[in-house]
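Participant: The residues making up each chain are set out below.
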Amino acid sequence: MLATLLLVFREVLEAALVVGIVAAATRGVASRARWIGGGIGLGVTGAVIVALCAGWIADALSGSGQEWFNATVLLAAVVMIGWHVVWMSKHGRELAAQMQSVGRDVTSGARPMTALMAVVAIAVLREGSEIVLFGYGLFASGSSISALVLGALLGLIAGVVLGVAIYFGLLKIPVRHFFGATNALLVLLAAGMAATAAGFLVQADVLHRWTAPLWSTDWLLRDDSTFGKALHALIGYTSQPSGMQLLFYVATLALLVVGMRLVSMGASKAAKPSTPVAT
Amino acid sequence: MLRIVLIALVALVPIAAFAADLPEYKLTIRDHKFAPAELVIPANTKVKLIVVNEDATAEEFESHELNREKVVTGNASINVYVGPLKAGRYPYFGDFHQDTAQGTLIAR
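So the protein lines, in turn, are chains A and B.
Quick note: the first sequence uses this note's numbering, first residue 1, plus one each step.
Quick note: the second sequence uses this note's numbering, first residue 1, plus one each step.
Bear in mind the hints are in silico, worked out from the structure with no lab data behind them.
Certain hints may be false.
[What the hints assert, rightly or not] If you want the ones that stay clear, here's a sample from chain A, every Cβ over 10 Å from chain B, calculated:
1) LEU7
2) GLY28
3) GLY92
4) LEU133
5) SER144
6) LEU150
7) ILE173
8) ARG176
9) SER239
[Stated by the list, open to error] In silico lysine to any residue, SDA-like type, Cα no more than 20 Å apart, as pairs:
10) B:LYS33 with A:ARG209
11) B:LYS46 with A:ALA267
12) B:LYS46 with A:TYR136
13) B:LYS86 with A:HIS208
14) A:LYS172 with A:LYS229
15) B:LYS26 with A:TRP210
16) A:LYS229 with B:LYS26
17) B:LYS86 with A:TRP219
18) B:LYS33 with A:PHE139
19) B:LYS33 with B:HIS64
20) B:LYS46 with B:ASN75
21) B:LYS48 with A:TRP219
22) B:LYS48 with A:HIS208
23) A:LYS90 with A:LYS172
24) B:LYS46 with B:LYS33
25) A:LYS172 with A:GLY55
26) B:LYS33 with A:TRP219
27) A:LYS90 with A:ARG176
28) A:LYS90 with A:GLY228
Predicted model, so just to flag it, every value in this text is computed and none were measured.
Beta carbons: idealized from backbone N, C-alpha and C, even for Gly.
Bound conformation, chain A alone:
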């Protein structure tokens, strides 16, 4: 039961942190529960399908199907997050202003919610498929079902509690800085996902330059510790990153930050003619 609890907790934790950040970032969207719930539902369904097709995926693309699959969905999530943060850098200020003036959450149907729904679905799918494979293995080998279910439930609850905690923690940020903070978190999330994708492409031997670890912070924080896992989910922490992973990380950070700057500059320029001319 303990093994089940720990495995389910570790997998759920990573997905729950992503969902927590997305839930905070979509503060003010009336229909967000439906979008996020939809993302979780899609992710769970996808996880079962992926687990069922695991053998087929693994054999695809001359044995590198699994890596390609992981790298592809991760990079898709990076693009989706990029779309959202760039959009928010144009509209975030007005949203925050509206929230402050009305004194409560506002709705905005125009936000790219499909993008964030996809991010939630991908996070749940990746972690969920491992839980399904693991659980099915235990089930098939005749482990006690009650211990299995109890362990999985406790692990699920523990993971979700941390996801909820980060959500409420983020809500404490003052409205003025709120979207800036959630945007920054989303950018780090995307950079971490890009670095993880690079790891899979190195593993598949698709990218084979700069594959050696640049440094090791194993002595400080191990990848398999709970905090290490949480930091991995949040900012892509890995104790021994390869040069290629660092390149993907920095490139993603740079692209998104420059993209956000350009769009927000464009937005403030476009806003000028509408302001009354003083003097």
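Got chain A sorted already, so can you dock chain B onto it with the hints?
Facilitator: Here is chain B on its own, set in the frame of chain A:
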């Protein structure tokens, strides 16, 4: 913005290429244990590990030190490319059966 991301990814493609023939090493999973538990490979050489899962249920071959994680379904095998590694010990484990599935790759 999306275009910039895509262009950057495409720009990385020339770095990618496919591996030629590599020395192969076999690692078997049986009763949720690795055989051999210690596998010696040459240092500073890229090798191909063939992980054969003889159990009926899935396992995940994982190693933090090697930066590898890959699911191998029941009665199936996977290829895991490793290295070139500096001489040293690199522990690996089966994520789904961590209490028994433990081993070490030794590069020398």
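Participant: Would you mind marking each hint as holding or not holding in the structure?
Facilitator: How the hints compare with the structure:
1. LEU7: 7 Å, violated
2. GLY28: 23 Å, holds
3. GLY92: Non-interface label stands for GLY92 (chain A): nearest chain B Cβ at 15 Å, farther than 10 Å.
4. LEU133: 4 Å, violated
5. SER144: The claim stands: SER144 (chain A) keeps its Cβ more than 10 Å from every Cβ of chain B (closest is about 16 Å).
6. LEU150: 18 Å, holds
7. ILE173: 25 Å, holds
8. ARG176: 25 Å, holds
9. SER239: 7 Å, violated
10. B:LYS33 with A:ARG209: 32 Å, violated
11. B:LYS46 with A:ALA267: 50 Å, violated
12. B:LYS46 with A:TYR136: Violated: LYS46 (chain B) and TYR136 (chain A) sit about 34 Å apart, past 20 Å.
13. B:LYS86 with A:HIS208: Holds, at roughly 16 Å.
14. A:LYS172 with A:LYS229: 24 Å, violated
15. B:LYS26 with A:TRP210: 25 Å, violated
16. A:LYS229 with B:LYS26: Between LYS229 (chain A) and LYS26 (chain B) the Cα gap is close to 30 Å, so the pair fails against 20 Å, i.e. violated.
17. B:LYS86 with A:TRP219: 18 Å, holds
18. B:LYS33 with A:PHE139: Distance of about 18 Å is within 20 Å: holds.
19. B:LYS33 with B:HIS64: Holds, at about 18 Å.
20. B:LYS46 with B:ASN75: Answer violated: LYS46 (chain B) to ASN75 (chain B) is near 26 Å, above 20 Å.
21. B:LYS48 with A:TRP219: Violated - the C-alpha atoms of TRP219 (chain A) and LYS48 (chain B) are around 28 Å apart, more than 20 Å.
22. B:LYS48 with A:HIS208: Given pair LYS48 (chain B), HIS208 (chain A) holds - Cα atoms ~13 Å apart, limit 20 Å.
23. A:LYS90 with A:LYS172: Violated: LYS90 (chain A) and LYS172 (chain A) sit about 23 Å apart, past 20 Å.
24. B:LYS46 with B:LYS33: Not satisfied, since the Cα-Cα distance of roughly 25 Å exceeds 20 Å.
25. A:LYS172 with A:GLY55: Violated - the C-alpha atoms of GLY55 (chain A) and LYS172 (chain A) are around 45 Å apart, more than 20 Å.
26. B:LYS33 with A:TRP219: Violated - the C-alpha atoms of TRP219 (chain A) and LYS33 (chain B) are around 27 Å apart, more than 20 Å.
27. A:LYS90 with A:ARG176: At roughly 15 Å apart (the allowed maximum being 20 Å), ARG176 (chain A) and LYS90 (chain A) satisfy the hint.
28. A:LYS90 with A:GLY228: Since the Cα atoms of LYS90 (chain A) and GLY228 (chain A) sit roughly 34 Å apart, the hinted pair is violated (cutoff 20 Å).
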